[in-house]
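Add chains B and C to chain A, keeping to what the hints say.
Protein chains in written order, with our numbering: chain A, 112 to 355; chain B, 2 to 370; chain C, 1235 to 1540.
Because the hints were derived from the structure by calculation, they are not lab data.
Accuracy of the hints is not assured; some may be wrong.
Okay, the calculated beta carbon distance ranges per label pair [said to hold, decoys possible]:
no.: 1; chain 1: A; residue 1: G297; chain 2: C; residue 2: Q1252; range: 55 to 61 Å
no.: 2; chain 1: B; residue 1: V367; chain 2: C; residue 2: Q1252; range: 38 to 44 Å
no.: 3; chain 1: C; residue 1: E1537; chain 2: A; residue 2: N332; range: 47 to 53 Å
no.: 4; chain 1: B; residue 1: V356; chain 2: C; residue 2: S1351; range: 49 to 55 Å
no.: 5; chain 1: B; residue 1: Q283; chain 2: A; residue 2: E185; range: 28 to 34 Å
no.: 6; chain 1: A; residue 1: N121; chain 2: C; residue 2: Q1252; range: 54 to 60 Å
no.: 7; chain 1: C; residue 1: S1458; chain 2: A; residue 2: N332; range: 32 to 38 Å
no.: 8; chain 1: A; residue 1: Y217; chain 2: C; residue 2: S1458; range: 55 to 61 Å
Residues of chain A clear of chain C, computed beta-carbon distances all greater than 10 Å [as the list claims (entries may be wrong)]:
no.: 9; residue: F126
no.: 10; residue: F129
no.: 11; residue: G152
no.: 12; residue: A176
no.: 13; residue: D179
no.: 14; residue: E202
no.: 15; residue: L212
no.: 16; residue: F237
no.: 17; residue: D265
no.: 18; residue: D279
no.: 19; residue: I281
no.: 20; residue: T282
no.: 21; residue: A294
no.: 22; residue: E321
no.: 23; residue: K335
Glycine included, each C-beta is placed from N, C-alpha and C at the ideal position.
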Amino acid sequence: MKDSVISVKNLVKKFGSFIANDNLNFEVFEGEIFGFLGANGAGKTTTIRILSGLSEPTSGEVIIAGFDAKKQAEKIKRNIGYMCQKFSLYEDLTVKENITLYGGIYGMSRELIRARTNELLDRLRFHEYENRIIADLPLGLRQKLAFSVAILHDPKIVFLDEPTGGVDPITRRQFWEMIYETAARGITVFVTTHYMDEAEYCDRISIMSEGKIVALDTPENLKKQYDVDSIEKVFIKIARPVNN
Amino acid sequence: MNRFLGFVKKEFLHIFRDYRTLFILFGIPAAQILIFGFAVSTDVKNAGVAFLDLSKDETTQKLTDKIISSGFFRRTQNLISYNEIEDVFRKGKTKEVVIFEKDFGKKLLSEGKANISIIADGSEPNTATLVTNYTTAIIADFNREISGIRVNNSGLIQPEVKMFYNPNLQSQHMFVPGVITMILILICALMTSVTITREKEFGTMEVLLVSPLKPIQIILGKVMPYFLLSFVNVILILLLSWLVFGLSVKGSIILLLAESMLYIMLSLSVGILISIVSSSMQQAIFISLVGMMLPTILLSGFIYPIENMPKVYELISLLMPPRYFIIIIKSIMIKGTGFLYVWKETLILLLMTIVFIGISVRKFKVRLE
Amino acid sequence: MQKVIESTAISKKFRETQALKNISFSVNESEIFGFIGPDGAGKTTLFRIITTLLLPDEGEMKILGLDCITGYKELRKNIGYMPGRFSLYPDLSVEENLNFYATVFGTTVKENYDLISDIYSHIEPFRKRLAGKLSGGMKQKLALSCALIHKPKLLVLDEPTTGVDAVSRSEFWTMLAKLRQHNITILVSTPYMDEAMRCDRVALIQNGNILSIDTPQKIREGFSRKLFMVKANEKYKLITALRSYPETLTAYPFGDSVHVTLAGNQVNESLFDYLRQAGLKNVSAVETVAGIEDRFLELMEKEEKV
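If we strip away everything but chain A, and leave its shape as in the complex, we get:
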């Protein structure tokens, strides 16, 4: 059995009388690609904020990369990476400047930043772009770079928010290959998305509805369990919110 990097027990988050997260229990393991799905307003955002140390749970135990989300939020932040579809990189800075800035934020030494930058540019075959500003790069390249930058400091977990929205099918596959590679290196990948075909790429997925986790299994098992041929159909069967 692999080590658990995210462990959530009886997590409850209330805003006044509104229960955003209603007694969540789940574990995510090292090197796993975990899909976190749910309708708009199901409570996903709240959970992710708690998992990334931005918000405190009302009650329950949340351990991220070995740290308690209630007491050690700062340590958690050092051990996670985050990439969302839109605002990950500064558009008016060059590729290199973005990487250096990011490394600096995570307190990496100058030598380490330089070494990692080269390694990253090699891997993406990006050397010709290193002094270009982000705004001039095609969307697909930006997404790949944003992901690489999010794991520059070798986090235990990387959170991806709808990472491949709007990119072309080839780039998308290259992106998912990068995710597989990252997971193979032992980094846990936590993906949230509205797009169910993206969910099919994950090792396991959970589906949230009205603050509760209503399903958690491998995509294959879920499809079998609900006797349908796609995760989208599973989702529509169980995640239907009350007129949202």
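Same frame as chain A, now just chains B and C:
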């Protein structure tokens, strides 16, 4: 027509829903007038005055008593020499020094006239003007009293007023016209440009363009609410300055309001122009503030007299609409002059308005590029 | 039958980027026509030309029989447009937004209520709520109601399903299908391949080029080789191994499997042996039916080779 009214209604909904901005729009001018009005009225009740009596005779004693017993002043110190003047101002409590020349009483009797100097602390221009105005009024009154006794009416006491620190003192009367000039540019140019660019940013402009609304309807629909708001604001400022501050419009109110409307139209067309060249609200705000507000304050003659500017700035100020409006509004409000005295400025504003509106309508795109 | 849109060799350039190259297609009355392609493919530019917001550099675009350049005033009365970002006023309520768009187009909500009732009924309980406070799915429904309120002959929807959850998206497509009975032609764009199946006909678009136009079924059938779905216990290893297998033409991850085309057009024991030797377990390989995305990948590769 229905379309247009629907559009205007929507604009009003935007304005009234954003109560913070609305509050600022009406709150700031009101606050400026109020703060100013109250600050002045409390100061003049008990303004500190120091006397440098180089004559020390019966007449100077009488005049000193008259000044102090007026209720507006309070004696802070009796000075012995000129050297003490600056010192007494530095302490801050004294707003004015009254100086009687040597042999004041004797001169008045023998030559029929005598000199008195009034020096005020110009670092507080509004107080300084008020204080010296009050003092000269008291002296004038004193003049009348003694002229009743004496047959010879000419001459008498000649007050000479000087300002310390700020010789080019602006009168408080400048303040109200200045606020009006500034507020109008602020509301009209800034708010109009922001509301149009906001539609661009939200993507709603795309839908409006694809609708059967004509460009002129969109422009007018945007402009109308702000035209009304600005007009209400002008009336509000005038009312407040009259109620609180006692400043009434000396000239024709109708003329003043008509000129204001012209200036509002001009500012609105500037706003539309800004919105056409800027692609985001941020840009529109920046251009309005840096491009309109600062020049208005600095180059229109509102704070710094145009006559004292370097030639280059003076030339630039020729292009500033507020410069002309300040002249117009000052003439009407304070000097009470009629249209004949401001027709040139009015004509310039009118031409500017026509040019700006012309450019706006021409430049407003029916498409996205 | 009259064509609702007839585009002939439309090209459009923005500074250095050629956004559209020689785009020709036609749309029939009452059909749902989809443009499927990634961000930056030119979908939005094309839709803006159709909605008379942009002028083409070259080519001819006829919409409802009118030229998109000279007939723009008349066209604007008959097009319903929902831009990529839902064009709503966040500080106005649901009801106020709808009423506003109705008056702008010279109609009333009452007059065309039957057209939008299906859609609007979902959000009517919240009609006093500010549009900015709605969830993504509700915003989408309101924006659609607003675009429909003047009963347009042509409805142009630019990425209406982006950022909306799967349940709302599925509902949305059902609503579009129902609109067909009102004789409204619908032009819709999406970056999501799976949504192609909900359209009557689709055009696959990439880098300003149309790769293919047909019914979704025909497009899938256009896939030229046999496609195999390969699974094993470790995905990353599987992909790398398949790429190095000499018979492999293409290997792309696809959900929990890898879609592979092989030179011999069939799976034989040597593939299994090869994968097992690479250390993979539970290897399975079955033939599968190509989807729109498989065909898109194939067309993209062809394009790149050219």
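Results of checking the hints against the structure:
{"no.": "1", "hint": "A:G297 / C:Q1252: 55 to 61 Å", "result": "violated, 44 Å"}
{"no.": "2", "hint": "B:V367 / C:Q1252: 38 to 44 Å", "result": "violated, 25 Å"}
{"no.": "3", "hint": "C:E1537 / A:N332: 47 to 53 Å", "result": "violated, 38 Å"}
{"no.": "4", "hint": "B:V356 / C:S1351: 49 to 55 Å", "result": "holds, 51 Å"}
{"no.": "5", "hint": "B:Q283 / A:E185: 28 to 34 Å", "result": "holds, 33 Å"}
{"no.": "6", "hint": "A:N121 / C:Q1252: 54 to 60 Å", "result": "holds, 57 Å"}
{"no.": "7", "hint": "C:S1458 / A:N332: 32 to 38 Å", "result": "holds, 34 Å"}
{"no.": "8", "hint": "A:Y217 / C:S1458: 55 to 61 Å", "result": "violated, 48 Å"}
{"no.": "9", "hint": "F126", "result": "holds, 15 Å"}
{"no.": "10", "hint": "F129", "result": "holds, 14 Å"}
{"no.": "11", "hint": "G152", "result": "violated, 5 Å"}
{"no.": "12", "hint": "A176", "result": "holds, 22 Å"}
{"no.": "13", "hint": "D179", "result": "holds, 32 Å"}
{"no.": "14", "hint": "E202", "result": "holds, 15 Å"}
{"no.": "15", "hint": "L212", "result": "holds, 25 Å"}
{"no.": "16", "hint": "F237", "result": "holds, 19 Å"}
{"no.": "17", "hint": "D265", "result": "holds, 18 Å"}
{"no.": "18", "hint": "D279", "result": "violated, 4 Å"}
{"no.": "19", "hint": "I281", "result": "violated, 6 Å"}
{"no.": "20", "hint": "T282", "result": "violated, 7 Å"}
{"no.": "21", "hint": "A294", "result": "violated, 7 Å"}
{"no.": "22", "hint": "E321", "result": "holds, 12 Å"}
{"no.": "23", "hint": "K335", "result": "holds, 12 Å"}
Violated hints for the displayed structure, listed by number in ascending order: 1, 2, 3, 8, 11, 18, 19, 20 and 21.
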